[in-house]
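A.B. asks: Sequence:
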Amino acid sequence: MSKEHKFVGFHNIHTYQTVKNETYIEGINSDGEYITLVFSTIDLLELLDIDHMKKEAIKYINELNK
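For the sequence shown, this note's numbering gives the first residue as 150, with consecutive numbering after it.
Quick caveat, the hints were computed from the structure, so don't treat them as lab data.
Treat the hints with care, as some may be off.
[Claimed, not checked] Dumping the calculated DSBU-like pairs for lysine-lysine here, alpha-carbon to alpha-carbon at most 30 Å: (1) Lys215 <-> Lys204; (2) Lys208 <-> Lys169; (3) Lys204 <-> Lys169; (4) Lys215 <-> Lys155; (5) Lys203 <-> Lys215; (6) Lys155 <-> Lys203; (7) Lys169 <-> Lys203.
A quick note: this is a predicted structure, and the numbers were derived from the prediction, not measured.
All chains should be modelled from the sequences, with the hints used to inform the complete structure.
C.D. replies: Below is the structure:
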């Protein structure tokens with residue numbers, strides 16, 4: 150049995166909270182629905198490369214300012 154892989158964009162992230170080992174990110178998805186994602190904080194920190202994300206965001210902002 151094959152499972153469908155669905156990509157959903159977040160267009161408005163408006164809430165962030167970390168309590169103990171849970172990180173909550175809430176926003177509105179591309180379908181206009183309010184969604185709350187709950188992550189293990191440790192897993193999230195192991196996965197994310199914050200320095201790389203910052204560099205890519207700066208590069209994107211600089212391109213917008215050209």
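A.B. asks: Hints first: check each against the structure and report whether it holds.
C.D. replies: Now the hints, each set against the structure:
1. Lys215 <-> Lys204: holds, 17 Å
2. Lys208 <-> Lys169: violated, 33 Å
3. Lys204 <-> Lys169: The hint holds at about 28 Å.
4. Lys215 <-> Lys155: Cα-Cα ~34 Å, so violated.
5. Lys203 <-> Lys215: holds, 19 Å
6. Lys155 <-> Lys203: holds, 26 Å
7. Lys169 <-> Lys203: Distance of about 25 Å is within 30 Å: holds.
Checked against the numbered hints given earlier, this structure breaks hints 2 and 4; the rest are met.
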